[in-house]
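J.: What follows is the residue order along each chain.
There are 2 protein chains.
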Amino acid sequence: MSETGFNIVVGQSGGPTTVINSSLYGVVKEAQKTPEIKKIYGMINGIQGFVEDRLMDIEEELGDEIELLKNTPAAYLGSCRYKLPENLEDEIYDVIFNKFKKYDIKCFIYIGGNDSMDTVSKLSKYAEGINSDVKIIGVPKTIDNDLVLTDHSPGFGSAAKYVATTVRDIVMDANVYDTHSVTIVELMGRHAGWITAASVLARKYEGDNPVLIYLPEVAFDENTFIENVKKQLDKVSNVIVCVSEGIKDKDGRFICEYSGDAGTDTFGHKMLTGCGKYLENVVKDKLSVKCRSVELNVNQRCKAVLASKTDVDEAIMAGAYGVKAFMNGETGKMIAFVRNESEGYRITCETVDCSLVCNQEKVVPREWISDDGTDILEGFIKYAKPLIQGESRPEMKDGLPVYCYRK
Amino acid sequence: MSETGFNIVVGQSGGPTTVINSSLYGVVKEAQKTPEIKKIYGMINGIQGFVEDRLMDIEEELGDEIELLKNTPAAYLGSCRYKLPENLEDEIYDVIFNKFKKYDIKCFIYIGGNDSMDTVSKLSKYAEGINSDVKIIGVPKTIDNDLVLTDHSPGFGSAAKYVATTVRDIVMDANVYDTHSVTIVELMGRHAGWITAASVLARKYEGDNPVLIYLPEVAFDENTFIENVKKQLDKVSNVIVCVSEGIKDKDGRFICEYSGDAGTDTFGHKMLTGCGKYLENVVKDKLSVKCRSVELNVNQRCKAVLASKTDVDEAIMAGAYGVKAFMNGETGKMIAFVRNESEGYRITCETVDCSLVCNQEKVVPREWISDDGTDILEGFIKYAKPLIQGESRPEMKDGLPVYCYRK
Numbered sequence: 135m136s137e138t139g140f141n142i143v144v145g146q147s148g149g150p151t152t153v154i155n156s157s158l159y160g161v162v163k164e165a166q167k168t169p170e171i172k173k174i175y176g177m178i179n180g181i182q183g184f185v186e187d188r189l190m191d192i193e194e195e196l197g198d199e200i201e202l203l204k205n206t207p208a209a210y211l212g213s214c215r216y217k218l219p220e221n222l223e224d225e226i227y228d229v230i231f232n233k234f235k236k237y238d239i240k241c242f243i244y245i246g247g248n249d250s251m252d253t254v255s256k257l258s259k260y261a262e263g264i265n266s267d268v269k270i271i272g273v274p275k276t277i278d279n280d281l282v283l284t285d286h287s288p289g290f291g292s293a294a295k296y297v298a299t300t301v302r303d304i305v306m307d308a309n310v311y312d313t314h315s316v317t318i319v320e321l322m323g324r325h326a327g328w329i330t331a332a333s334v335l336a337r338k339y340e341g342d343n344p345v346l347i348y349l350p351e352v353a354f355d356e357n358t359f360i361e362n363v364k365k366q367l368d369k370v371s372n373v374i375v376c377v378s379e380g381i382k383d384k385d386g387r388f389i390c391e392y393s394g395d396a397g398t399d400t401f402g403h404k405m406l407t408g409c410g411k412y413l414e415n416v417v418k419d420k421l422s423v424k425c426r427s428v429e430l431n432v433n434q435r436c437k438a439v440l441a442s443k444t445d446v447d448e449a450i451m452a453g454a455y456g457v458k459a460f461m462n463g464e465t466g467k468m469i470a471f472v473r474n475e476s477e478g479y480r481i482t483c484e485t486v487d488c489s490l491v492c493n494q495e496k497v498v499p500r501e502w503i504s505d506d507g508t509d510i511l512e513g514f515i516k517y518a519k520p521l522i523q524g525e526s527r528p529e530m531k532d533g534l535p536v537y538c539y540r541k
Numbered sequence: 135m136s137e138t139g140f141n142i143v144v145g146q147s148g149g150p151t152t153v154i155n156s157s158l159y160g161v162v163k164e165a166q167k168t169p170e171i172k173k174i175y176g177m178i179n180g181i182q183g184f185v186e187d188r189l190m191d192i193e194e195e196l197g198d199e200i201e202l203l204k205n206t207p208a209a210y211l212g213s214c215r216y217k218l219p220e221n222l223e224d225e226i227y228d229v230i231f232n233k234f235k236k237y238d239i240k241c242f243i244y245i246g247g248n249d250s251m252d253t254v255s256k257l258s259k260y261a262e263g264i265n266s267d268v269k270i271i272g273v274p275k276t277i278d279n280d281l282v283l284t285d286h287s288p289g290f291g292s293a294a295k296y297v298a299t300t301v302r303d304i305v306m307d308a309n310v311y312d313t314h315s316v317t318i319v320e321l322m323g324r325h326a327g328w329i330t331a332a333s334v335l336a337r338k339y340e341g342d343n344p345v346l347i348y349l350p351e352v353a354f355d356e357n358t359f360i361e362n363v364k365k366q367l368d369k370v371s372n373v374i375v376c377v378s379e380g381i382k383d384k385d386g387r388f389i390c391e392y393s394g395d396a397g398t399d400t401f402g403h404k405m406l407t408g409c410g411k412y413l414e415n416v417v418k419d420k421l422s423v424k425c426r427s428v429e430l431n432v433n434q435r436c437k438a439v440l441a442s443k444t445d446v447d448e449a450i451m452a453g454a455y456g457v458k459a460f461m462n463g464e465t466g467k468m469i470a471f472v473r474n475e476s477e478g479y480r481i482t483c484e485t486v487d488c489s490l491v492c493n494q495e496k497v498v499p500r501e502w503i504s505d506d507g508t509d510i511l512e513g514f515i516k517y518a519k520p521l522i523q524g525e526s527r528p529e530m531k532d533g534l535p536v537y538c539y540r541k
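Read top to bottom, the protein sequences are chains A and B. Per this note's numbering: the first sequence = residues 135 to 541. Per this note's numbering: the second sequence = residues 135 to 541.
I should point out that these hints are in silico values taken from the structure, not numbers from a laboratory. Treat the hints loosely; a few may be bogus.
Pairs involving identical chains hold if they fit within one copy or between any two copies, as the list cannot separate such chains.
To be verified - Straight-line alpha carbon distances no greater than 30 Å define the calculated DSS-like cross-link-like pairs of lysine-lysine that follow:
hint	residue 1	residue 2
1	K382	K424
2	K167	K516
3	K233	K420
4	K364	K541
5	K531	K369
6	K369	K217
7	K531	K240
8	K236	K163
9	K259	K411
10	K240	K384
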């Protein structure tokens, strides 16, 4: 610890994932190795808490518990959904940069998704405008895997592993009766079907369930869907269908909206519920077959016991690389993954311009989806399989996982 | 293998659990050690498949894969929901006992819940009536833990561990934002609240979530519920409420019925859906607070990666004891667990009369629930904690669990 050094601050933002704390762990560990860095501040509830002076000295607060961070789901520091104004002359920017000064902070690392990269981009532009030497770095996290300019995002691998395992479990459960049944599994993904596509990994053999997989990338037609379910019922007793929460018809209308209302969150995203439930009723009505729907819900982003070791390791690496990028003088950048397949699967980090990342959305390539839009092809399987490899499980005590949390 | 011996048949019935295959494993392993037993037949889809001659030679079919059974969820042999007629003069009984003769079967072991014990009871009575020497033995399984005359039932411990872990995960997830929110977790349990009560084990410290737990054992009042949620919102930012699917009002009407229709299954049980979703809407409407509901659904009975080792071991023991009971000449009996706490937690097996078990339902004792019906007390925690201890996880390959299934 140097007397002449400076401090950094790290925050978490947006929806939690299984490994967003692994990235925090990576930031802390790398910062501890960097002699110039004195204190590692943590923003409580992201940039929103920071402007209210809610921050902590992470090392002081965590002590020996820091190792637990690696396998603790959700966001240890707390999160927020706070969008900075487009107008860089808004007083909030001045407030934030005064706080950086107040706490002698030279680097702000924001672990988050699309909207957080928007924050990184705006703050780095503002810094440039006022000639501030504070660097702003983004570390990606999203279960949705929709960030562009990176091979994939930390958080997706564990979500994919959870989905593949759970769909495999549900298939086992559904197969106990020999009477016909349909199970509709609704998975997360508003506009990008990455998580739902991962359900294809659940198959134990060719022709195994899930036999139908629907992503938002292809327009959904209710009548064709019913025809497809009917066809599959001739082949397998118990049909498992996986659908993204965000499937839409050819006019862009969400299927979940067929059944009810939908509100919007503070970012203007539509709040979706229940296309699975809706389709369950359609199947019952049109095919008179036993049908149930299962919504995996928040478990997709917080099931630490099913975290992918690859994902945890990469999340740590991305966090650590964030500190390195700052020390190299970079700013306004997001850490990105580059895949090298010459000798098996290997990931290295690079930095990409945050302004090119935010407000973009990477969807599943059309060529990885079958022509009729009901199946996921080999290209995706080859892409996703390495991401779910290995186990990185929380310590268990008294039969339950031990996590690290703010007291 | 003795030339002069006989065969046995084992079946699985009712809803699957995480450890019903562990009991099957126990039956097979014990039968293999019993020289008088030649073949171990497995009924495919329970007694219903058996009358259609759908059975398998388990050892032949499984080969080396038998070890995988221990950690395979759902029912390897397939299940059924088939209720034998009350009238023992119905021809079906004759059909079944002719099949026993045809396959040289001297013992039928049925792994199942309440309704399966009804089958065991009826078949043993019929055997007595016709002076048959075929013995009928029941091995308990139910995630619901509602079987009487046994300390607990195989299947409950793993369901409880899954629920406690998952509620802990959901609490972590809910706590990332500092704005007020309510999360309603709907758990399985039509009439008995055992599974929902297990959510109390999720608490990491006193006062931690879930702060409200509602079981079917206590009449549910919507207005009082809203008052309670309101009070809790003053204490914790994010309120997690756990409710049994089967909560009912003082007149015995299911809360889920408030919002819609309910069908009945072949045993005359009401098919329930959605009290969590219903209460979500009530909370939003009356308290104008962010609220979501999460239904853990079938995951409660098939998440092998969160199986309790205690549960798996006991399920194996119960299966093995079934074979021993038969060899001791018993019939019409269910294997039951007796708890011995003189030197820590220890379970031994005994047999109880199936006719005293079937069509009974063990509910959570009133003294284990707080007076106001919103919390679970120490008595339950002391009872349930030993049941979730230890990990018994499936082998993982390519990042996913390896299971044993009928080809």
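J.: So which of the earlier hints does this model not fit?
T.: Of the numbered hints, 2, 3, 7, 9, 10 do not hold.
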